[in-house]
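Participant: Here are the chains, one letter per residue:
2 protein chains.
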Amino acid sequence: MAEVSFDYRNLTEVEGGVREAELDEIKPRLEDAAKELIESDLGFMQLPGTTRYAEASRALADDIRNSGATDFILCGIGGSALGPMALQKALNHPYYNQLSDRGGPRIHFAENTDPTTLGAILDVAEPESTWVNVVTKSGSTAETMANFLVVRGFLEDALGDGYREHTVFTTDPEEGFLKEISDREGIKTLPIQQNVGGRFSVLTPVGLLPAAVGGLDVDALLAGAAQCVEEVNERGAEHPAVVGAALHYLMDTARGRNVRVMMAYADALERTAAWFVQLWAESLGKDGKGSTPHAAVGTTDQHSQVQLFMEGPQDKVIEILQVENHPRDLEIPRAYEDLDGVGYLGGHTMAELLNVECDATQKALTEAGRPNCAIRLREVSEENVGYLLQALEVQTAVAGTLYGVNAFNQPGVEAGKNITYERMGRPGY
Amino acid sequence: MAEVSFDYRNLTEVEGGVREAELDEIKPRLEDAAKELIESDLGFMQLPGTTRYAEASRALADDIRNSGATDFILCGIGGSALGPMALQKALNHPYYNQLSDRGGPRIHFAENTDPTTLGAILDVAEPESTWVNVVTKSGSTAETMANFLVVRGFLEDALGDGYREHTVFTTDPEEGFLKEISDREGIKTLPIQQNVGGRFSVLTPVGLLPAAVGGLDVDALLAGAAQCVEEVNERGAEHPAVVGAALHYLMDTARGRNVRVMMAYADALERTAAWFVQLWAESLGKDGKGSTPHAAVGTTDQHSQVQLFMEGPQDKVIEILQVENHPRDLEIPRAYEDLDGVGYLGGHTMAELLNVECDATQKALTEAGRPNCAIRLREVSEENVGYLLQALEVQTAVAGTLYGVNAFNQPGVEAGKNITYERMGRPGY
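These protein sequences, in sequence, are chains A and B.
If you read the first sequence in this note's numbering, its first letter stands for residue 7, the second for the next number, and so on.
If you read the second sequence in this note's numbering, its first letter stands for residue 7, the second for the next number, and so on.
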């Protein structure tokens, strides 16, 4: 049972917050948006109830783990990397790749076309036991295909045609260049369902295969997400993820707060915030609309950005991601008890300090009249992360309806792509 | 000789950009601000010309490297971590900690009070050969001291009182709790000059010691920064770092562009952007003023945030950090030449693709009427990074004068701190 809760009190009760009357006014539109979401059978709402791809992902992950794989390189960018990275960061050991008893291969992400990064991955990977997972729905994403071609060469040098057995494509099952290559070379593929776009694809094999390779429980991820879908279907416009869409929309459009900060009070959720940045930015940033999602980490950013959040312009909403029970804890030993700026720490725990600081930041923001809200996870578990990701997707889709934009396209990236294709000599550009 | 250049054409020549008349109007204020910067002998402007702390840092780093240290844990937060992290990320191998021939200890950053992160560091560190570097000017930063107490216990379990020989404090040389502890226990210390604040401290031993421990050339870092200081002293309000302060100030205050994006087209500079976020946010975010610094990475964010930058609200300025010659390159092998969406990539290099995409994004932004600018580094070298960091500090200090705020304090973080101290039982709170 996922345990994720939403707390919007500091958005509605602070001065300058959203007023009851405004929420009442937008209620009919919100209800329509929720109804549309529920009734239109969107691909991403069906994913949690679809278990066969989880089974296929887990089976293939088992094969990879049992093959003695030392390295698993995911070539993907945007939605094809951010979801997988968010899951690993949230749910695996922070130094997973350096553990000797990790039980699976090291996992590397080649998302950028930066030769320094890919070169470093290839410096540490063992070519005979490296697998590559190429993730692109279209099968022609330039950055991903460039990374793939380099990794393919690296494997081919060691394995000859055997590189084919160490390659997995996650792509459109019906069309595209990866489909074509897999047909020719007999390369294993997992599907990205056609009605699911990249930034909503974390619960397709895009996210499920690397999660399973890393030893995560993909069934629990889907179960948490399924619980969210079920609750949204039941509660409609009353579900807090949906209510949040209205609040953030009003904060931007009626209050001029064009920056939406997501501040995670757990290093494990830092990449979840990065995943959300794409989701919100690329879904809503069009037609001159869309607030700017901005990621932060607590306590770290208390010593970096909180000054701006507290005393800068009133142009932000701060959303805190809080974890009640951290996956591990460390007691702070007693020492220097006569030094009053140090001694008080002994006997407390690190997690206690982290959560006290989280509460203190929310209180300080509220007292300074800075609108803020919180999403609280009982713990960082597969179920809760699955619920959270699904809830944020729901919120984004509903916000798209409120903004009156198509949340599922990204026309603004075509111009840059076309210039790149032309300069790189792609036929037809 | 550092080679860093600034290109503001796409801020002044695009529609909605800053007009010549506006620049002329602000000129006298900019000249005053530059004069104030140059004449007031600010601490951070003197650092590049001060070599004795670089020598002390290097000597201590040599001792650490020669001692057979396997792990070096830096406990610090905000300016005490962001600068050191930026230098390592920019100038060291991306998988430095995993290399067998790295020549120095693994370097770990314990910046947050997250037990999951610190626990993971302690899972991989070898206690008999671990060193800890505690970095806090005041000597009482709660997060840093909590991390220190835990690491101290970890070392004490293995080394008894010998932990003292493996500990280095980087702190105020005259006062504070760390000074007190070092006097009692004979712990090695390096100074943070009293006239330098945390976010301007990267070229004090705060940044220099970990840089030297990681094998970086700290003299070249300082030389690059010194070149910047010299050029600023010579050119005053004509220096492009100073001119940039006026442009960004005007874009915010006269054009309502309250989001300042720094988009690094090199993974190596991702943490430099994170360092800059603190510098700009904490220096300027006060009295209801200050634009929001927002970090992005190219090409990665072309598939995440560029949709918003291209078609979202006209509330941003995009600053690109571009690298002309990347430190290494990889040729993209020829393959699938009959598939027109793949085959064109073969024969190009990864760095070429990265730079073509960088140019394409700038062109696409400009053609869409989206103000943007660029800072170009000939390569990612110690000299160029030193120059860049110093230039951004200059720009921030000058922007503080234009905004009319004190760029060197951070009063907005006290409220949260006080609530934390009270709840944790610190005497006097």
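Incorrect hints may have been included.
Same chains, same label: a pair holds when it works inside one copy or across any pair of copies.
[To be verified] Keeping only pairs whose Cα atoms sit at most 35 Å apart, straight-line, the calculated DSBU-like set for lysine-lysine is:
id : residue 1 : residue 2
1  : 185       : 33
2  : 423       : 33
3  : 194       : 41
4  : 95        : 41
5  : 95        : 423
6  : 33        : 194
7  : 194       : 369
8  : 423       : 369
9  : 369       : 185
10 : 33        : 369
Derived from the structure by calculation, the hints contain no laboratory data.
Participant: If a hint holds in the structure, say so; if it does not, say that too.
Facilitator: Results of checking the hints against the structure:
no. : hint         : result
1   : 185 with 33  : neither (45 Å within a copy, 59 Å between copies)
2   : 423 with 33  : neither (40 Å within a copy, 39 Å between copies)
3   : 194 with 41  : neither (39 Å within a copy, 66 Å between copies)
4   : 95 with 41   : within (34 Å within a copy, 47 Å between copies)
5   : 95 with 423  : both (30 Å within a copy, 28 Å between copies)
6   : 33 with 194  : neither (48 Å within a copy, 63 Å between copies)
7   : 194 with 369 : neither (52 Å within a copy, 39 Å between copies)
8   : 423 with 369 : between (45 Å within a copy, 11 Å between copies)
9   : 369 with 185 : between (53 Å within a copy, 32 Å between copies)
10  : 33 with 369  : within (29 Å within a copy, 42 Å between copies)
Hints 1, 2, 3, 6, 7 from the list above are not met by this structure, while the remaining hints are.
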